[in-house]
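K.L.:
Build out the structure end to end from the sequences listed, making use of the hints.
Sequence lines, in order, name chains E and P. Quick note on our numbering: the first sequence kicks off at 1 and runs consecutively. Quick note on our numbering: the second sequence kicks off at 263 and runs consecutively.
Honestly, the hints are just simulated from the structure, not real lab data. No experiment lies behind these values; they were computed from the predicted model shown. The C-beta atom is built at its ideal place from N, Cα and C for all residues, glycine as well. Among the hints, a few may not be true.
[Stated by the list, open to error] For the chain P half of the interface with chain E, some residues (derived, Cβ under 10 Å), not all of them: (1) K358; (2) R404; (3) N425; (4) I445; (5) M521.
[What the hints assert, rightly or not] Reference excerpt, derived from the structure (chain E facing chain P, CB under 8 Å, subset only): (6) Q2; (7) I100; (8) A104; (9) A106; (10) L126; (11) S130; (12) I132; (13) S140; (14) R142; (15) R144; (16) G233; (17) K236; (18) L239; (19) T243; (20) E258; (21) A262.
There are 2 protein chains.
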Amino acid sequence: MQRYFVAADQFTETQVRLTGEDAHHAARVMRMKPGDKFIVSDGAARTAIAEVKDASATLVEADIVEQLSMDSEPLWSVTIAQSLPKGDKMELVIQKGTEIGAYAFAPFQSERMIVQYDGKKEAKRLERWSKIAKEAAEQSHRNRVPVIEQVQSWRELMQGIKNYDLVLFCYEREGDAAHGKGIRTAVQEWILPSERSGKQTSPANIMLIVGPEGGFTDREAAEAETTGAVLVGLGKRILRTETAGIVGLTCLLYESGEMGGA
Amino acid sequence: MQRYFVAADQFTETQVRLTGEDAHHAARVMRMKPGDKFIVSDGAARTAIAEVKDASATLVEADIVEQLSMDSEPLWSVTIAQSLPKGDKMELVIQKGTEIGAYAFAPFQSERMIVQYDGKKEAKRLERWSKIAKEAAEQSHRNRVPVIEQVQSWRELMQGIKNYDLVLFCYEREGDAAHGKGIRTAVQEWILPSERSGKQTSPANIMLIVGPEGGFTDREAAEAETTGAVLVGLGKRILRTETAGIVGLTCLLYESGEMGGA
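P.N.:
Below, the structure written as structure tokens:
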């Protein structure tokens with residue numbers, strides 16, 4: 001069944017209105033008619049099945065016919081902090097990360113970043129990234145749309161580390177594949193002894209920090225570690241920047257009992 | 263250091279020759295000169311450091327200066343069997359799957375496949391996919407290039423199941439997210455009791471079967487199960503077809519003690 005995320009004020013106890021691109025999508029692309037059903041969510045607490053009363057390309061009105069309580073959100077809220085990559089790689093990180101279950105995305109600047117950071121293009125880019133997150137959340141049956149944070153400086157990223165329960169810093173020194181802990185070790189050292197085997201039961205805010213194409217400098221790694229991050233490696237093979245976040249997120253959620261890891 | 267995979271006959275005990283696109287890449291893109299070094303591999307048993315003697319855009323001659331024994335290949339050989347997806351999604355599966363550590367890719371046809379299978383375009387497509395696998399293997403420091411198998415019919419795929427130690431069939435029935443075992447359960451039921459905790463030590467041939475955009479039919483799932491595959495789910499969220507193989511492969515290798523899961 002098609003899913004739409006709508007603003008809370010379009011979604012009362014008994015009715016929902018789709019407007020803008022969502023109305024166009026429902027009426028024109030999906031060709032919905034009175035009696036057809038879709039799933040609607042406010043992206044936070046409420047998800048329901050709605051039945052179309054009236055559909056046009058600018059407004060779809062529907063009645064709520066069933067409240068849904070299914071929660072598809074992971075117990076662990078994982079933010080992928082990604083040093084701004086080249087081209088459209090950030091879009092891949094956001095689309096795939098949203099499907100897998102990321103809580104938020106935090107783009108940031110770092111020393112070896114290849115792209116020129118351009119503040120003017122920022123608003124437009126954030127808008128496009130938010131749209132990709134919304135579409136991926138609808139497609140993957142998420143209950144909420146991941147937040148895309150404003151691009152941070154390295155300093156702001158470091159200052160934010162204290163706000164998380166656990167911060168993993170992906171770091172691979174050239175020719176030293178075994179450098180850094182594995183994700184499993186980092187997690188086992190951090191969680192409560194009583195939860196060390198099997199499915200996790202405590203929520204947690206975790207940040208996974210991924211470097212740019214050229215990697216982090218030793219200075220950056222040292223500063224992150226001093227500030228409270230745990231340096232981790234993702235194995236023997238070298239992952240592209242846009243792959244590291246997707247793989248790290250998958251391993252973390254698998255470790256918590258999601259993704260078939262229960 | 264730049265990596266190149268070459269045919270075994272270009273790579274003797276003491277010398278290596280780069281030709282074609284590799285020579286062009288080394289001489290023109292990387293601007294290698296006599297004395298510069300690169301890593302060369304025959305994609306199977308041998309990897310070494312070579313030092314350039316002479317470089318032109320059509321031929322680079324180099325001396326072997328050091329044999330390397332570093333093995334970056336996973337213990338478990340995982341083949342991603344992917345029902346042919348639309349557009350260029352297969353390229354993403356091959357590029358990311360190669361970085362993560364897939365052993366081979368086996369495209370196949372299934373009932374709800376959206377693309378029209380076109381035998382004529384086949385040779386050209388396989389050539390492009392092989393090139394993507396080679397480039398991703400070089401970039402991620404693999405010791406071998408994953409094999410891209412010929413496109414198989416559903417019947418051929420089913421007949422091949424008996425050649426693997428374990429076959430996982432990704433299956434999610436609409437509205438039944440908990441259907442199927444998790445990967446961890448499927449693996450635990452299959453491996454030796456002595457290896458049930460921690461890092462795996464026995465090699466294994468595993469196939470991970472992923473459906474098309476429209477999913478598998480109940481009939482296909484039932485036939486796969488009867489033939490010996492284990493039906494598995496990848497969690498509560500619905501993954502796109504091109505994401506399922508990447509995520510399933512990551513979880514499997516993590517479970518075997520790779521990807522930071524040791």
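K.L.:
Run through the hints listed earlier and report the numbers of any the structure violates, in increasing order.
P.N.:
Hint check: 3, 6, 8, 9, 10, 11, 12 and 15 fail, others pass.
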